[in-house]
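> Sequence:
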Amino acid sequence: GRGMRPLAENMHTYQETARPYFPVRAVTSHAPLLLVVVDAPVNSHLALSALNDAGSVNLALHPAFEGNLQLTTSSPFVPKILWPDPAQMEDPAGLERPFIRWETAFDELRGILTGIVGWGYDVDAKWKGSVIVKTNGSEAALGWGESTGASEGLDHWE
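Residue numbers (the numbering used here): 1 to 158.
In short, the hints are calculated from the structure, not lab data. Glycine included, C-beta positions come from ideal geometry on N, C-alpha and C. Heads up, a few of these hints could be off.
Derived DEER-like restraints, expressed as beta-carbon distance ranges [unchecked claim]:
(1) E108 with W83: 14 to 22 Å
(2) R110 with E90: 33 to 41 Å
(3) E96 with S74: 39 to 47 Å
Generate the whole structure from the sequences, applying the supplied hints.
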């Protein structure tokens, strides 16, 4: 068959408001989807959805991201969240808050992995942003910075 070029993108987020909002939707099929959030303001709201039919999704978030995570794949694939070492994470606000993850659960029947991440013990982190990743017939991985290999994939396709 004909080779398909992956959809690969470095995303920079910048907006001068008290609570910047960044809606991002990436959709492709039959080729890898590689996304890296390169920078993001503290307390911003990223609403990202990445959808791929018959192709993998690798997403690398910026450390400033706080909010809900949902990754969905079809059997036999299991979505992966590549959690960073909290000791290696620096608070993007400079307040020395710990990096916290809550409620990681995998629904094997539906192929859905969910979680919530934030800085400090802010119970409102789940309202700050959302990441939804869906694949059909391939793998899905989410991490921070370089942990998913998404950055290397972007270099390869430039």
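> Going through the numbered hints above, which ones does this structure break? Give me the numbers in ascending order.
none
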